[in-house]
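What follows is the residue order along each chain.
Protein chains: 2
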Amino acid sequence: MRIAVDAMGGDNAPEAIVKGSILARDEYNVSIILSGKENEIKKLLEKNTSDFNNIEILNAEEVISNDDKPVMAIRRKKNSSLVKALNAVKDKEADAVVSAGSTGALLAGATLVIGRIKGIERPAIGSLIPNMSGGFALLIDSGANVDSKPEFLYDFAIMGDIYLKKVMNMSSPRIALANIGSEKTKGDKLTVETYNLLENTTLPLNFTGNIEAREILQGKADIIVCDGFVGNMILKTLEGTVLELMKGLKKELLSSTRTKIGAAFIKPALSNFKSKFDYSEHGGAPILGVSNTVIKAHGSSDEKALKNAIRQAKICCENNVNELIEESIMRR
Amino acid sequence: MRIAVDAMGGDNAPEAIVKGSILARDEYNVSIILSGKENEIKKLLEKNTSDFNNIEILNAEEVISNDDKPVMAIRRKKNSSLVKALNAVKDKEADAVVSAGSTGALLAGATLVIGRIKGIERPAIGSLIPNMSGGFALLIDSGANVDSKPEFLYDFAIMGDIYLKKVMNMSSPRIALANIGSEKTKGDKLTVETYNLLENTTLPLNFTGNIEAREILQGKADIIVCDGFVGNMILKTLEGTVLELMKGLKKELLSSTRTKIGAAFIKPALSNFKSKFDYSEHGGAPILGVSNTVIKAHGSSDEKALKNAIRQAKICCENNVNELIEESIMRR
Numbered sequence: 001m002r003i004a005v006d007a008m009g010g011d012n013a014p015e016a017i018v019k020g021s022i023l024a025r026d027e028y029n030v031s032i033i034l035s036g037k038e039n040e041i042k043k044l045l046e047k048n049t050s051d052f053n054n055i056e057i058l059n060a061e062e063v064i065s066n067d068d069k070p071v072m073a074i075r076r077k078k079n080s081s082l083v084k085a086l087n088a089v090k091d092k093e094a095d096a097v098v099s100a101g102s103t104g105a106l107l108a109g110a111t112l113v114i115g116r117i118k119g120i121e122r123p124a125i126g127s128l129i130p131n132m133s134g135g136f137a138l139l140i141d142s143g144a145n146v147d148s149k150p151e152f153l154y155d156f157a158i159m160g161d162i163y164l165k166k167v168m169n170m171s172s173p174r175i176a177l178a179n180i181g182s183e184k185t186k187g188d189k190l191t192v193e194t195y196n197l198l199e200n201t202t203l204p205l206n207f208t209g210n211i212e213a214r215e216i217l218q219g220k221a222d223i224i225v226c227d228g229f230v231g232n233m234i235l236k237t238l239e240g241t242v243l244e245l246m247k248g249l250k251k252e253l254l255s256s257t258r259t260k261i262g263a264a265f266i267k268p269a270l271s272n273f274k275s276k277f278d279y280s281e282h283g284g285a286p287i288l289g290v291s292n293t294v295i296k297a298h299g300s301s302d303e304k305a306l307k308n309a310i311r312q313a314k315i316c317c318e319n320n321v322n323e324l325i326e327e328s329i330m331r332r
Numbered sequence: 001m002r003i004a005v006d007a008m009g010g011d012n013a014p015e016a017i018v019k020g021s022i023l024a025r026d027e028y029n030v031s032i033i034l035s036g037k038e039n040e041i042k043k044l045l046e047k048n049t050s051d052f053n054n055i056e057i058l059n060a061e062e063v064i065s066n067d068d069k070p071v072m073a074i075r076r077k078k079n080s081s082l083v084k085a086l087n088a089v090k091d092k093e094a095d096a097v098v099s100a101g102s103t104g105a106l107l108a109g110a111t112l113v114i115g116r117i118k119g120i121e122r123p124a125i126g127s128l129i130p131n132m133s134g135g136f137a138l139l140i141d142s143g144a145n146v147d148s149k150p151e152f153l154y155d156f157a158i159m160g161d162i163y164l165k166k167v168m169n170m171s172s173p174r175i176a177l178a179n180i181g182s183e184k185t186k187g188d189k190l191t192v193e194t195y196n197l198l199e200n201t202t203l204p205l206n207f208t209g210n211i212e213a214r215e216i217l218q219g220k221a222d223i224i225v226c227d228g229f230v231g232n233m234i235l236k237t238l239e240g241t242v243l244e245l246m247k248g249l250k251k252e253l254l255s256s257t258r259t260k261i262g263a264a265f266i267k268p269a270l271s272n273f274k275s276k277f278d279y280s281e282h283g284g285a286p287i288l289g290v291s292n293t294v295i296k297a298h299g300s301s302d303e304k305a306l307k308n309a310i311r312q313a314k315i316c317c318e319n320n321v322n323e324l325i326e327e328s329i330m331r332r
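Respectively, the protein sequence lines represent chains V and F.
Read in my numbering, the first sequence has 319 at position 319, and its numbers run on one by one without any break.
Read in my numbering, the second sequence has 231 at position 231, and its numbers run on one by one without any break.
In case anyone wonders, no lab produced these hints; they're calculated from the structure.
Given the structure is predicted, the values throughout are model-derived calculations rather than measurements.
Please note: incorrect hints may appear among the correct ones.
Identical chains blur together in the list; that is why a pair holds if it fits in one copy or across any two.
Cut-off 30 Å, straight-line C-alpha distance, at most; resulting in silico cross-link-like pairs (BS3-like, lysine-lysine) [as the list claims (entries may be wrong)]:
1) K274 <-> K165
2) K165 <-> K184
3) K118 <-> K186
4) K186 <-> K149
5) K92 <-> K69
6) K92 <-> K304
7) K69 <-> K90
8) K118 <-> K92
9) K189 <-> K149
10) K186 <-> K247
11) K186 <-> K69
12) K184 <-> K78
13) K165 <-> K304
14) K69 <-> K220
15) K90 <-> K304
16) K276 <-> K251
17) K118 <-> K149
18) K251 <-> K220
19) K220 <-> K276
20) K184 <-> K69
21) K220 <-> K166
22) K304 <-> K247
23) K42 <-> K304
24) K166 <-> K118
25) K149 <-> K166
26) K78 <-> K186
Please model the complete structure; the sequences and the hints are all you need to start from.
Shown next, in the form of structure tokens:
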């Protein structure tokens, strides 16, 4: 199993990426191709390991940043770490790509360089949302597509289902449609029509109906299906709320001697609480619907998160997620 | 000024509604028409005041619940507290309606019984979202309309602008469009076209561009414009996240003797923190775009929240919010 890793993508690149890649190689028995600036990567490798087996460097002098326009960046920056990693997969030198860099560029690159699975019109991003009970839900699409058609959302459900079954070992993931009410007639045209498709599917999908945004953290669904505009709103509202609440709480806890004493007592409980929203445990977000495994690691990934994203890529490949998606799409 | 109050709507009706109405009459010099079951209301009035001036009862034996289908309920339950309150306004016996009952029914009733402002195709609900700095933003539309056209969103911006200027005393509210990115080309068809309308308006609107969902609690905008499906997702995700986080935090704080001691120290700081998300201070959500003032008080309104919703209705009427909306709509 060979994983191409974009060594230059992410807030903590290249250091956390190189370290995470070494950890993954040691733990999961994979070969790593580190795409990026050879000099920098070489130094980091030498600093962090004495074993250079199963790690090679693919020199790439350019870097795609979050400020680059995705499609243009993929077309013009042929020597970027991301495009080279994607080409390694296209040329069958690697089995999967992992990047913590620009989501837009990775998505554009996955579609333009690797290409879509036959029958899939729109690849989608599946983001794992942790809930308060220690579980999570896969939010698909969390931002790749806007102005979706019902057929796209139906495909998102199919892809998410296979992903959770094969990669997260769930036997029958509960699929829910993000909506403004629970009745099947609720919602906009898109959700009403998608409801019909999901309700009448002949595929073995465990469709449980609509889910309201208020219930998302309650663990009522394993897969939450929506258009990418809506998914982005859900994901970013959630992230923003958690962040602002934590900031606000911290401020209150530092506001007086009394609260500071209290804070010292609850510190372990607080970090336990915060860890429930730790995205690094679950790895990254799969881009589903492209012909090879592509994992978007969180932009702020540390070495542990990166290691987990590589593990996730490995499991995807081992379980033929993309082949199974193609089969299901042909039968839908 | 006469305010018709739906005495039977809301989780704490009719008690909190009657009490809040008495408070509002005493504090704001308004006349109250309490619509609902005469016997129950009479008993509550006698229990809570000895002054029966400027409070009258409009007997209504039926109640519309959250389980009723809105449009059907308005058409069939002619003797409901809500329909009678709306009719009081229609017949010019009252100037405004306040209800803490079913949002859908109030919205349907406002449109069917009172009617739309000339030129407004879709009335909208404006919900106030408190932020961490003690301010708030008006989220419009927060759930009345799905499948909106760009022209609807433009009108939402116009209505929100007048509302904040006249009712909240803001001189130049910052209007932002909820979107998945900051650039003007980002988003779906709806947001891209709405951006154009807002950017090129000849009305005195302070349009500041797109706002991402992650920034909503940061106080970067006073008005957040969006389709009702999207607004509902934002509002409910936000409410659900706050609720689940608070529950999770409480659980952690009660998990051991140590944390319980800490919790005792930080208790005042925690309630201060929680009060930032107290919706009752700001009153209710205006339904904008109908010919008379209609305020939706929060379903869980206590007497204070209800009192504030009545105050809000009074300010709307005094400042001719609906007339100003009609004027602006004619000039757009």
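So, going through the hints one by one against the coordinates:
When the C-alpha separation of K274 and K165 is checked against a cutoff of 30 Å, the pair qualifies only within one copy, where the shortest distance is 28 Å, while the shortest distance between copies is 39 Å. Within a single copy, K165 and K184 get their C-alpha atoms as close as 26 Å, which meets the 30 Å cut-off; across copies the closest is 39 Å, which misses it. In this assembly of identical chains, K118 and K186 lie within 30 Å of each other by CA distance solely across copies; the values are 28 Å between and 32 Å within a copy. Taking the shortest alpha-carbon separations for K186 and K149, both the intra-copy value of 17 Å and the inter-copy value of 19 Å come in at or below 30 Å.
Within a single copy, K92 and K69 get their C-alpha atoms as close as 27 Å, which meets the 30 Å cut-off; across copies the closest is 57 Å, which misses it. Taking identical chains as interchangeable, the C-alpha atoms of K92 and K304 lie at most 30 Å apart only when both belong to the same chain, with a minimum of 27 Å there against 67 Å between chains. Within a single copy, K69 and K90 get their C-alpha atoms as close as 22 Å, which meets the 30 Å cut-off; across copies the closest is 54 Å, which misses it. Taking the shortest alpha-carbon separations for K118 and K92, only the intra-copy value of 18 Å comes in at or below 30 Å, while the best inter-copy value is 64 Å.
Taking the shortest Cα distances, K189 and K149 sit within 30 Å of each other both inside one copy (9 Å) and across copies (13 Å). Taking the closest pair of Cα atoms, K186 and K247 come within 30 Å of each other only across two copies (29 Å); inside a single copy the shortest separation is 36 Å, beyond that limit. When the C-alpha separation of K186 and K69 is checked against a cutoff of 30 Å, the pair qualifies only between copies, where the shortest distance is 11 Å, while the shortest distance within a copy is 37 Å. For the identical chains of this complex, K184 and K78 are inter-copy neighbours only, at 27 Å across copies versus 47 Å inside a copy, given an alpha-carbon limit of 30 Å.
For a Cα distance limit of 30 Å, the shortest separation of K165 from K304 inside one copy, 24 Å, qualifies, whereas the shortest one across copies, 50 Å, does not. Proximity of K69 to K220 under the C-alpha cut-off of 30 Å is restricted to the inter-copy arrangement: shortest distance 25 Å between copies versus 37 Å within a copy. For a Cα distance limit of 30 Å, the shortest separation of K90 from K304 inside one copy, 27 Å, qualifies, whereas the shortest one across copies, 64 Å, does not. In this assembly of identical chains, the alpha carbons of K276 and K251 lie at most 30 Å apart whether taken from the same copy (20 Å) or from different copies (13 Å).
In this assembly of identical chains, K118 and K149 lie within 30 Å of each other by CA distance solely inside one copy; the values are 18 Å within and 34 Å between copies. Taking identical chains as interchangeable, the C-alpha atoms of K251 and K220 lie at most 30 Å apart only when they sit on different chains, with a minimum of 20 Å there against 32 Å within one chain. When the C-alpha separation of K220 and K276 is checked against a cutoff of 30 Å, the pair qualifies both within a copy, at 17 Å, and between copies, at 28 Å. For the identical chains of this complex, K184 and K69 are inter-copy neighbours only, at 13 Å across copies versus 39 Å inside a copy, given an alpha-carbon limit of 30 Å.
For a Cα distance limit of 30 Å, the shortest separation of K220 from K166 inside one copy, 20 Å, qualifies, whereas the shortest one across copies, 42 Å, does not. Taking the shortest Cα distances, K304 and K247 sit within 30 Å of each other both inside one copy (24 Å) and across copies (29 Å). Taking the shortest Cα distances, K42 and K304 sit within 30 Å of each other inside one copy (20 Å), while across copies they are farther apart (66 Å). Only within a single protomer do K166 and K118 lie at most 30 Å apart by alpha-carbon distance; the minimum there is 20 Å, versus 56 Å between protomers.
Taking the shortest Cα distances, K149 and K166 sit within 30 Å of each other inside one copy (26 Å), while across copies they are farther apart (41 Å). Taking the closest pair of Cα atoms, K78 and K186 come within 30 Å of each other only across two copies (25 Å); inside a single copy the shortest separation is 46 Å, beyond that limit.
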